[in-house]
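Next come the chains, spelled out residue by residue.
2 protein chains.
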Amino acid sequence: MMTNFEGKQLIDGQSIATGTDYFHSVNRALGEDLELRFLNASQEYINMAAAAARRDFTITRAKTGIEKASFLDAIASELEKVRPELVEMACLETALATARIEGEFARTVNQIKLFSTLLRDGHWVDAKIDTEDLQRKPAPRPDIRSMLRPIGPVAVFGASNFPLAFSAAGGDTVSAIAAGCPVIFKAHPGHPATCEIVGRAIVAAAAASGMPLGCFSLLQGNIPQVGAALTVHPSIKAIGFTGSYRVGRLVHYAAAERAEPIPVFAEMGSSNPVFVLPQALKDRRNTIAAGYTAALTLGLGQFCTNPGLLIHQSGEEDDAFHQSLADNLKAAMGGVMLTPAIAQAYSSGVSDRSTLYGLQVLANGSETDNNGYHQPVLFKTSLAEFSHHPELEEELFGPSGIVITAGSPAELTAFAESLSGHLTATVHGTDEELEACKGLLDVLETKVGRLIINGYPTGVEVVASMVHGGPYPATTDARTTSVGTAAIYRFTRPVCYQGMPQALLPDELKDANPLGIWRYVNGNFNNTSI
Amino acid sequence: MMTNFEGKQLIDGQSIATGTDYFHSVNRALGEDLELRFLNASQEYINMAAAAARRDFTITRAKTGIEKASFLDAIASELEKVRPELVEMACLETALATARIEGEFARTVNQIKLFSTLLRDGHWVDAKIDTEDLQRKPAPRPDIRSMLRPIGPVAVFGASNFPLAFSAAGGDTVSAIAAGCPVIFKAHPGHPATCEIVGRAIVAAAAASGMPLGCFSLLQGNIPQVGAALTVHPSIKAIGFTGSYRVGRLVHYAAAERAEPIPVFAEMGSSNPVFVLPQALKDRRNTIAAGYTAALTLGLGQFCTNPGLLIHQSGEEDDAFHQSLADNLKAAMGGVMLTPAIAQAYSSGVSDRSTLYGLQVLANGSETDNNGYHQPVLFKTSLAEFSHHPELEEELFGPSGIVITAGSPAELTAFAESLSGHLTATVHGTDEELEACKGLLDVLETKVGRLIINGYPTGVEVVASMVHGGPYPATTDARTTSVGTAAIYRFTRPVCYQGMPQALLPDELKDANPLGIWRYVNGNFNNTSI
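In the order they appear, the protein sequences are chains A and B.
Just add 6 to wherever you are in the first sequence, counting from 1, and you've got our numbering.
Just add 6 to wherever you are in the second sequence, counting from 1, and you've got our numbering.
Rather than coming from a laboratory, the hints here were simulated on the basis of the structure.
Watch out, some of these pointers could steer you wrong.
Same chains, same names: a pair is fine if it fits in one copy or spans any two.
Stated by the list, open to error - Computed list of lysine-lysine pairs in DSBU-like fashion (alpha-carbon distance at most 35 angstroms, straight line):
no.: 1; residue 1: 143; residue 2: 119
no.: 2; residue 1: 516; residue 2: 143
no.: 3; residue 1: 119; residue 2: 516
no.: 4; residue 1: 288; residue 2: 119
no.: 5; residue 1: 336; residue 2: 143
no.: 6; residue 1: 288; residue 2: 14
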C-alpha cells in the first residue's frame, strides 16, 4: 500500500511534484516515519491550482443541482471503494482508534449524501420573486427575482482532529462544492497520506461525473507559507478554516488586508461551558458526573465541542459530586494526541493550570505518560479564583476540564455574562429550575451558537437546524455554521435579475418552476408555478 | 421652526449637549448658515449611548415580532406628524428638490411598513426543526431547533445622498430594529437638523410603544473621530454604512482589527456599467439615449446606482447614437450638489477626465456654473483608450458618464471580465441577441449584485427579492443587501437549541407553532404544528 504514495499535489486532475522541499508522514502512535514523502506546495503550484479553479468556476457555477448532487454521490462511492486503506491510514497518521475513524467515515459519507439530497431538493437557493406591476404609480414595478449563487473559488484548510469529516472531503469542501464553488484544499500536515487518498477519490469522482478537473485541487504543506499564499491569492473568494485561534486569527487578518478582502469562515474552538443547577445536581449527581467526564475525555478530548469548563453552585453535594467526577475521570483512558504540537501545548497547558494558576487537581487519568501517552486531568477551583485569570476561559485542546464552584445563582449568571464567544453552552437543570433561571439561559444565548439542555456538546448532529458556530473568538463569522446543510450559505451570495427574459433566467426562477422548489413569490411561500 | 434645534445628542431618550465643539448646519442651495449648532459627540457621549444600547439589548432581543412591528408603525406615524418640517429641512440642508424629498419620504415610510409586515408575518426568522429520534442507532438523535436571533447593538452611519431613506430612519436603522438590535445612529453632517427631527420621532415612537429608550441613540459629528470611536466600541456588534469607498474601507479595516472583529456592511458605490448590444441600439437608439441620460442625471447623478459607464460595439449607428446622447444630456439640469466635498470631488473628477485622461467631451449640460451649480458632463472614448486608465472604472459621484466604444463582441465580454465588483450591470438587447450573448450575462453576474435587462439601475425597488449589494469594492460583504427585506439578515445570527423544553423555546420553535409561521421541519416546509 505504502508505495502508492508519491506526495504529489493534485492539481487540475494531475498528480504533480517536482522540487526538493519535502516532509514525511508519521505513524503517530509509534512515532515512526512512514517513509511517505510529501512535497510542500510552491507558489507555482498554488498559482496553477488557483488558475484552474478560476477557469472552471465558469463551469461549476453553471452546473445544475442534479449534476452537483451526482458529483457528491460519486465522491461517496469513490470513498467507499478505498474505505479499508483510508481507515487504516487515518488511524496510522492520527493515532485515533479504528472504531472512531470508522464512525467518522460513516459520518463523512452521510454528510456528503445530506448535501446531495439538499441539491436534489433544490429549495436551498432561497428563490424570491416579485413579479412586475405595470399598474403601479408613479412608475411600474419591474420584474425582480433573486437567488443564491456560488461566490467563487474557495480555499479550505483541513483540521487536525477530524482526518475525514473536517478534511479533504469534509464539511467545508462538500458545502463549497454543493454551492457550485471550486475548492483548493490545503491538507493538514498531520495526515497528508489520508488526504491524498481522499483527494484522489474526489478527482476520480469529478472525472466520472463530468465535472471540470479544476473544481478540486489538493495542496500539501507543513510550512505556514502554503496557507499564507493561498489566503492572499486573488482568485480565492472565500476561506473555510478549522483550527486554532492563533492561526485562524492570522488568516482572518490576512484576508481582511487583501486588496479585495474576502470572507473567512474560521472555526477556532471553544471551551464550551457546562452549567449544573442545584436540583439537577441533587437528582442526577452521578449521571451528570459520568456524562460530563465521558464528553470531556471522548477521543482524548480532541473536539472543538469538548466541554472544558463545568460550573455549579456550591452546596452540600459538592464533595460527593467532585468525588464522582474524580472517580469517572480516573477510569478514563490516556493516549497519544493528534500531533506533537498539540501534545506539547496540552502538557504545557496542564502544567500551567497547576503551577501558574494554582488550580487544584481533582483527578488524573489512570495511565502513565509512558510511550508518549497523555492523560485526562480534571482541575477544580472557586469562581473567585478562576476570575483572577481570564486566560483560563480559553480552550486547552485535550481532555482537561476545570470544575468551578460558584457561591450563588447570581454568580452563575455573572459568570455567563463575563464569557466571550463559545460554540456551545450547556445547562443541566430540572424543568422548574430552568424556568426559574430563564435569565441565565438568555445570557448564554448571546454567547454561543448552540445552547444544550440536559445533554453534552460533543456529537454535533449533521442536520438542517445545526449551528456549529458562535460569536468571536469561537468563529470569525457568527452568522454561519460549519456543520449541517446551512454551511452551504457561507459560499454563496444573492444575485438579483431585473427584467430578465424567462428563457435566460435560471430554472429556479422561471415562472413554470420546472424544479418544483419552494419559493417566496410576491410575499407568499409556495412550490407551484406562477 | 429653527429655534427648536439645539444640536443635542439623543442618547437613551435624553437630549444632551454640553461642550464647545460645535458645527453648523447650512442652507446648501444658498450656502448660508442656518444658525443651527450641532455638538460633535464626545467619547463620553459615545460611551453613554453604547452602554444604553448594550443594557437594552436584553430587552429588545426579547421583544416579539408584533411588538417590534408596533414600534416601526409608531415611527412611521411620528414621521407623518413632522412631515412638513422634515421635508422642508431636508430640502434646505441637501439642496435636493421638494418633489424628490417628498418621494423619498414616501419611500422611507413604505420601507418601514414593509419591515413591519415582515415582522407580523414572522417567517423571516428561518425556523428549522429536527425532532428527536430515540430509535436512531448507534445513539438517539436529540431534538434540535434553530432560528435567527439579533446580533447585538448596531452602529449605523447615515449617507449624504438620501437624507431620509438611508439616514436616521433609513433601511439600516429599520432593518436592525426589526432584527431586535438597538441602533446608535451617526448622523451625516450634511443634514444634521433633518436627522434630529427624525431622531426625535424615533425616540417618541419608542416611548409610545414601550420600547426601552436605549434602543435608539443619535450622535452628531462632522469630525472623523466620532465614527472612528463608534466603530471600535466593544459594545457595538455590527456596522451599517453607506458612503464612499475611502471611508468604507477605513471602517472595514478598523472593525477587522478590533480585539473582537465585527461585521461591516458598507455599501460604497459603484459605476454600474451599461452594455448596449447592436440590434437593440439599431432598434431603440433614441429611447436608450434618452433613458440612459435620464438615469445618469437623475437627482444630479447622486445615486449609488448611477450608471457612470456605457459601452457599446462600434458600428454605423455610432454618430447618431452619440448625437442623441449629447442632445439629451445638453437638456439635463445642473444644480447644487449635496455637500461642498462632493462638489469639489466632482469638479476634480470631471477635470481629470478631460485633462489627465484625455477623454473627449461628448456633451455638457446647458446651465452655467453660476451660483455653485454643477452640470452633467458626458465623455466618450474607445475601449482601447479606456483600458489604459483602470482608475476610470471607479465611481465619480455625480452626473458624469463615459460612453465607451468597443471593437467587437469579444471586446465587450473581455471588458466585462476586467471589471471589479459593482452594485449593478445593465444590458440592453433584443431577446435573440441576449440569448446569443449568454456568455456576457454569465460574466456580468459574477461582478454584480443585480443584473438589469433593458432597464436602468436607478430606482431600487424595496422588495424581498432586491439585492442592493455586490462584490467588493461595491460593498464589503457581497452576501448581503442594504435594500429590501433581506437587509434584516445582516443583523442576525442563527442560534440553535438542543433538548430545550417546549416552555422555554421561542414561540417560533414551539411544536404548536402558535405564530403559524412557515418552518422547515424534518426536511419539509410547512406552517402547521408538529
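Hints, one by one, checked against the model:
Only between protomers do residue 143 and residue 119 lie at most 35 angstroms apart by alpha-carbon distance; the minimum there is 18 angstroms, versus 49 angstroms within a single protomer. Taking the shortest Cα distances, residue 516 and residue 143 sit within 35 angstroms of each other inside one copy (26 angstroms), while across copies they are farther apart (42 angstroms). In this assembly of identical chains, residue 119 and residue 516 lie within 35 angstroms of each other by CA distance both inside one copy and across copies; the values are 27 angstroms within and 29 angstroms between. For the homomeric pair residue 288 and residue 119, neither the shortest alpha-carbon distance inside one copy (43 angstroms) nor that between copies (52 angstroms) is at most 35 angstroms.
In this assembly of identical chains, residue 336 and residue 143 lie within 35 angstroms of each other by CA distance solely across copies; the values are 28 angstroms between and 76 angstroms within a copy. For the identical chains of this complex, residue 288 and residue 14 are neighbours neither inside a copy (58 angstroms) nor across copies (56 angstroms), given an alpha-carbon limit of 35 angstroms.
Hints 4, 6 from the list above are not met by this structure, while the remaining hints are.
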